[in-house]
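A.B. asks: For the record, the sequence lines run as chains A, B and C. Counting along the first sequence from 1, when you hit position 188 you're at 187 in numbering that gives the first Met the number 0, and nothing is skipped either side. Counting along the second sequence from 1, when you hit position 348 you're at 347 in numbering that gives the first Met the number 0, and nothing is skipped either side. Counting along the third sequence from 1, when you hit position 207 you're at 206 in numbering that gives the first Met the number 0, and nothing is skipped either side.
Simulated from the structure, these hints should not be mistaken for laboratory data. Check the hints yourself; a few may be wrong.
[Claimed, not checked] In the BS3-like style, the derived pairs of lysine-lysine whose C-alpha atoms are separated by at most 27 Å in a straight line are:
id, chain 1, residue 1, chain 2, residue 2
1, C, Lys191, C, Lys221
2, C, Lys88, A, Lys111
3, C, Lys187, C, Lys116
4, C, Lys116, C, Lys88
5, C, Lys191, A, Lys66
6, C, Lys116, B, Lys417
7, C, Lys88, C, Lys123
8, B, Lys48, C, Lys33
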Amino acid sequence: MSDQMTPTSSGAEPTAARSLVPMWILVLTLILLFLGAVYFDRHSGWFDKQVYPPYASATMLESYQPKSGAAAAAAQGKRVYEQICGTCHGVDGLGKPGQAPPLAGSEWVIAKSHNRLAHIPLAGISGPVSVGGKDWNLSMAAMGAALSDADLASVLTYIRSSWGNKAGEVTADDIKTIRAGLVRPQPMSLDQLMAVPE
Amino acid sequence: MTVNESPTNKIDVSCRVPLLVLFGGAALWLVVGSLLALLASLTFHMPDKFGDCPWGTYGHLQPAADDALLYGFCIPAGLGVVLWIFARLGQTPLRSALVPVIAAHLWHVGVLVGLVGIFVGDSTGFAWLEFPRGGSALLFFAYLLIGLWALMNFSGRRDGGMFPSHWFLVAALFLFPWIYSTANILIVGWPVRGVVQAVITWWFGNNLVFVWTSLVGLGTAFYFLPKFSGRPLQTYFYALFAFWTLLLFGSMRGVPAGAPVPAWLPVLSSLSSLLLIVPVLAVAIIGWKTVVGAAGEKCRGGSFCMIKFGFVAFVLSALLLIAQSCPVIGRLTQFTWFGTAQTQLQLYGFFAITMFGAIYHILPRAVGIEFAFPKLIRVQHWLAMLGIFILVASLAVGGVEQGMKLNDPAVAFGDSTKAMLMFLRVSTTGLLLILLANLLFALNIFVMILAWKWSLAKTVFAFVISPLNKTEVKA
Amino acid sequence: MKNGFVIFLAAFAVLLTSWSAFVLGPQLQLGGAKQVPVLNSTEVYPRSRPGEANQGLQVYRANGCAACHTEQVQQDGVACDVVLSSAGKNPSAVSNLLATLNLRGLNQEEAHAASDKITAAGGKVETHIVAVGPDIARGWGLRRSVAEDFLYDNTVQLGSLRIGPDLAGVGARSPNANVVLQHLYAPKSVEKDSLMPPFRYLFEVRKIVGGEFSPDALNLPKEFAPADGYEVMPKPEAKELVAYLLSLHADVPLYDAPFTPIIAAKP
């Protein structure tokens, strides 16, 4: 390309001019590094692997942890229910014929005292029992025996407050007491269940 | 008409065949890549036409287009330019050119294997690393060979001094094997667990798409700008400073602000990006002082013009990169086309156009044949400039608009996509112009390759039919 | 700088810094991560995906879905909502007080002040932590995505462009598998102005056997349905992909992304 054929471009290799060090750019770099360090201190959580934005530090993250209240327990109860109980009793609490009786409107669930109710998942139940006017004759294993006190309490609280049921909550301490007092951890019959005090 | 400069001519000729293979294949992949990019863009305007064949979906076309541009064109073009610049600066011809020639062929086969792999569903799924193992192994091995040859030429150079371009290009030669092997081993070969894969992908992508191309592109620009301006590079210290700060701050970034990783990673990345303002300033000053006011400055659509345009595109692309990393602007532009605009400006507007300028200068000298269509060079240059301007402007503005809608929960998601359609149409036009420009580039290269092969064939034929010397005939 | 070797060493040191910060560091910190406990529960998170959903992740990867979709919910901030849990002995005083107070989107000091006022009036309150951000407001998730969400992903497909919506919580907001399958086959039938290509090659159109639609066949509106006598059946890849999508949830509270989960009261 003829317009590039100046003597310099055709043969001689380029050289670099030496001159004074431009101090301003070094100063600018140092200022930016300093500002960056301040920003890092304020926002990075100092390499803590649990601190994600918008939390700026581990302290801030800790202060925003929700305290466990009724809402948290109910959500936990829903999760555990759907995982463990829902397959038979239905996610909608309506039960399945031949599989499990309904919990919605069940007199066993909404009874004022939760004592008898708590025994059912802890020990299991077997044999004829009447739920909501209908007769059921099935067998349930102790599905709640493997759950922690808190989880079983939250499930029972959940079923007692869902699908139109309006009954009081069950606490982890309640479950702990009941569990400790379980004499016969085998599926109960209707008579044995009725023998449990209210 | 050939350039008559004897010792330099020997150096140029020594690079001839490796450069022809590297640049020839690069030109082919450039056209393939821009065609795939155009098709990918069309899927937004007529989505229903692309649903019957897996090869036609955006999820296959776009990664293939990106990788064809980066691995098919950018890296081999860069390697070829590195080979030539080392030979010229060190005043030492390239020895045993057969090895880089074989390596260049291996590289292009690797790209083919990789692209086909993406289409048949073997993509690794990681940005800029999509090539399956077979392809990436070929690429790694080929790069090692060519890099080794370049380093051997560098260390055995007759002219023992070092010019600023040397630092940039030698660093780039070492950078790619390191990042490529690390990424492939830790993500594809023996994958690390969970989100660490994403962090390494970002690290790799940034170091390749930003740092490697900046090193090679700036090394090339710092060679050609003083050469064409007829002035020494202004100045040595600015170049030294730009090199170290670019390497340090450029390589310590890449993690996006909202990433599902602990806060220190995106914060470190943003700070490093902010500090990039320093090398960008230094580079801009070098360009300004070296070129402005110099005698050879007139722009006539040739190599000098292209390298100047690429240089300005670098400064702009780096500024967009820095802007994206600021918390406020980044929150607006993340997950939008703005990022794509910046990447295309870096890869095509800066790197590819700089490579065009370099290749148009180097290849006639190496091969000894002039380009068949010199007027098309200027046409190609204007088409490429116009095309990349339209592409980047439409995607950048559209990306900001998309980001504003994404950040407003009152706006239904569908509306943010609908708002983009107009900008996407404009960007498709830009891609069409770029495809045309690339076709003109490839035309000149392919015709030169054919002319060379033809002259080679004529030489061989003439030798074969020439009468033997009497002394060679045995009685 | 004249000595090539010195330059090599210095450049090596710089790159080593970058490698340590972005490869070694994250690997040491997050590479050995295990399941973490869910807030206020004995459960752990995440649970590994069933086989079909895991296969679906590979279908997602092979089809390049990450080119258009992200899987990372963003969160701009965190706020407190003060909620009355019991009106106490003086309900009218409490309700008068509530009318004057702003109880949503508070920071911590405001939340403390408000709950102190209500407690003083005899009511009982709970402070709920909520995540704040456009993604949260859109229902794309209840909290930001964190590293634990991707613990069992063999190829982490975070995505980088939102041409389509974020999918991190798509399992929670999709009603069932059939809607997702229909979205894959004919996006415009679910989302009128969708730019998503119809992934027809993940399905096969075949003749109806025995006069009745197969149970798995897609139920499509008229303009997207095949000709009379034909039905659209999802191929195994489509079913795996949908199983994967339905497994994506961003709604479990964790220590590093806390929020107070609320359950909708069932009628």
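A.B. asks: Look at each hint and say if it fits the structure.
C.D. replies: Going down the list of hints, with the structure as the test:
1. C:Lys191 with C:Lys221: Satisfied, since the Cα-Cα distance of roughly 14 Å is no more than 27 Å.
2. C:Lys88 with A:Lys111: holds, 23 Å
3. C:Lys187 with C:Lys116: Not OK: Lys187 of chain C and Lys116 of chain C at ~52 Å, beyond 27 Å, violated.
4. C:Lys116 with C:Lys88: Since the Cα atoms of Lys116 of chain C and Lys88 of chain C sit roughly 15 Å apart, the hinted pair holds (cutoff 27 Å).
5. C:Lys191 with A:Lys66: The hint is violated at about 43 Å.
6. C:Lys116 with B:Lys417: violated, 48 Å
7. C:Lys88 with C:Lys123: The given pair, whose Cα atoms are some 10 Å apart, holds under the 27 Å limit.
8. B:Lys48 with C:Lys33: violated, 45 Å
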